[in-house]
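Number of protein chains: 2
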Amino acid sequence: MSEIESDFYTERLKKQMDFALEIDKEKNIFRQTHLSGYGRNENDAEHAWHMAIMAYILKEYSNEDIDISKVMLMCLIHDIVEIDAGDTYAYDEEGKKTQKNRESMAKQRLFSMLPDDLKEEFIKIFDEFEESATPESKFAHAMDNLQPLMLNNSNGGRDWREHKVSAEQVYGRQGRTKEGSETLFKLTDHIIKENIKKGNISNN
Amino acid sequence: MSEIESDFYTERLKKQMDFALEIDKEKNIFRQTHLSGYGRNENDAEHAWHMAIMAYILKEYSNEDIDISKVMLMCLIHDIVEIDAGDTYAYDEEGKKTQKNRESMAKQRLFSMLPDDLKEEFIKIFDEFEESATPESKFAHAMDNLQPLMLNNSNGGRDWREHKVSAEQVYGRQGRTKEGSETLFKLTDHIIKENIKKGNISNN
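Quick note, the sequences are listed as chains U and F, same order.
Sequential numbering from 1 applies to the first sequence in the working numbering.
Sequential numbering from 1 applies to the second sequence in the working numbering.
In short, the hints are calculated from the structure, not lab data.
Keep in mind the model is a prediction, meaning the values are calculated, not measured.
Do not take every clue at face value.
Sample of chain U residues with no beta-carbon within 10 Å of chain F, all distances over it, derived [stated by the list, open to error]:
{"no.": "1", "residue": "Q32"}
{"no.": "2", "residue": "I66"}
{"no.": "3", "residue": "Y89"}
{"no.": "4", "residue": "Q99"}
{"no.": "5", "residue": "E128"}
{"no.": "6", "residue": "E130"}
{"no.": "7", "residue": "H163"}
{"no.": "8", "residue": "K164"}
{"no.": "9", "residue": "R173"}
{"no.": "10", "residue": "R176"}
{"no.": "11", "residue": "I196"}
{"no.": "12", "residue": "G199"}
{"no.": "13", "residue": "N203"}
Dumping the calculated PhoX-like pairs for lysine-lysine here, alpha-carbon to alpha-carbon at most 20 Å [what the hints assert, rightly or not]:
{"no.": "14", "chain 1": "F", "residue 1": "K14", "chain 2": "U", "residue 2": "K59"}
{"no.": "15", "chain 1": "U", "residue 1": "K15", "chain 2": "F", "residue 2": "K59"}
{"no.": "16", "chain 1": "F", "residue 1": "K198", "chain 2": "F", "residue 2": "K186"}
{"no.": "17", "chain 1": "F", "residue 1": "K59", "chain 2": "F", "residue 2": "K70"}
{"no.": "18", "chain 1": "F", "residue 1": "K70", "chain 2": "U", "residue 2": "K70"}
{"no.": "19", "chain 1": "U", "residue 1": "K59", "chain 2": "F", "residue 2": "K119"}
{"no.": "20", "chain 1": "U", "residue 1": "K70", "chain 2": "F", "residue 2": "K59"}
Glycine included, every Cβ here is placed at the ideal spot set by N, Cα and C.
Can you make the complete structure from the sequences, with help from the hints?
Quick look at the structure:
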């Protein structure tokens, strides 16, 4: 940088822009879920986008009052750690053993690219999501469950069939949706039961 | 739907879920911009995700006070109309002649899938973005400009070279970033000048 730019291109702005460019990599982290219309695998960035909009249009179904802006930001950033840690499939029991540790290292590296105040804020909101103890994080988790369930159901349960997922596994994860939204869990439960009936989810 | 479900699966929730599934199609609308690392073309959904996070981490550079939640929602939904209308490249002068009309029809069809209150809210925020008259919409437009500029610059100006874009064209669009952020326009101007110097943007 020449002196001409030094009045605006501060170390702070440089850090913000470096982080903005780094998170572009999230678009290369692919999930097991397929897009509707029997499409390609979905990536983390578009999954996060979808969750944030769904959170906004479904916010009235949250069990508790929520700060919807916080939920949306939480949805948008919750998978950034997967840039380093990779996606761990919801029913990959081996992968889940190391997931916490991999994601914790990723969190430190990635959010440390930001200026300290933003770093602290993003780590706080990421941790809040992970802990799933507040109304906002419970509702964000409901979106993290409902969004792939919706896509998978629209594709005739293809992802469940391919991975030979059992009802117990699906309820183990999707059951937690009721912590965020009783209404959306009823919808979830209906969708799961229909897919068990059709043989897309195994019942043993 | 059987009677058992009728207590939760209201016409309202059905509309919300139909819309949520429909917007999945935005992930199939590809832009001219390429991902960093000389990657594939970017799609609208991941572009919107990227813009929303950038808006949050760069909000301090807005010329005016902004409601950042509104900016983020605006960023997330501003390209939904392209599901029907397709992406119009920023420097496609022919395409831009019909863009307004195509997007207006798309707006009606897509947002009409939502319950009336949400339909009105989304159309209002989409129109506000399009008119670019409020502090929030000016800052959202700054993100809509800065995000592809950043990616393109990271790829050595490949997109500008491929499309033989001139400095006049680039400034015609990117110049408006200063309405949202003087600081981010200074950064933009620096990046454009560097790319003119390197011959990535033609200077005639």
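Comparing the hints with the structure gives:
1. Q32: holds (16 Å)
2. I66: holds (12 Å)
3. Y89: Fine: 19 Å to the nearest Cβ keeps U:Y89 off the interface.
4. Q99: Non-interface label stands for U:Q99: nearest chain F Cβ at 22 Å, farther than 10 Å.
5. E128: holds (16 Å)
6. E130: holds (18 Å)
7. H163: holds (20 Å)
8. K164: holds (25 Å)
9. R173: holds (19 Å)
10. R176: Holds, because the least Cβ-Cβ distance between U:R176 and chain F comes to about 18 Å, which exceeds 10 Å.
11. I196: Nearest chain F Cβ is 15 Å from U:I196, so the label holds.
12. G199: holds (19 Å)
13. N203: holds (19 Å)
14. F:K14 with U:K59: Given pair F:K14, U:K59 holds - Cα atoms ~14 Å apart, limit 20 Å.
15. U:K15 with F:K59: holds (14 Å)
16. F:K198 with F:K186: holds (19 Å)
17. F:K59 with F:K70: Holds. F:K59 to F:K70 sits at ~12 Å (cutoff 20 Å).
18. F:K70 with U:K70: holds (12 Å)
19. U:K59 with F:K119: Since the Cα atoms of U:K59 and F:K119 sit roughly 15 Å apart, the hinted pair holds (cutoff 20 Å).
20. U:K70 with F:K59: holds (15 Å)
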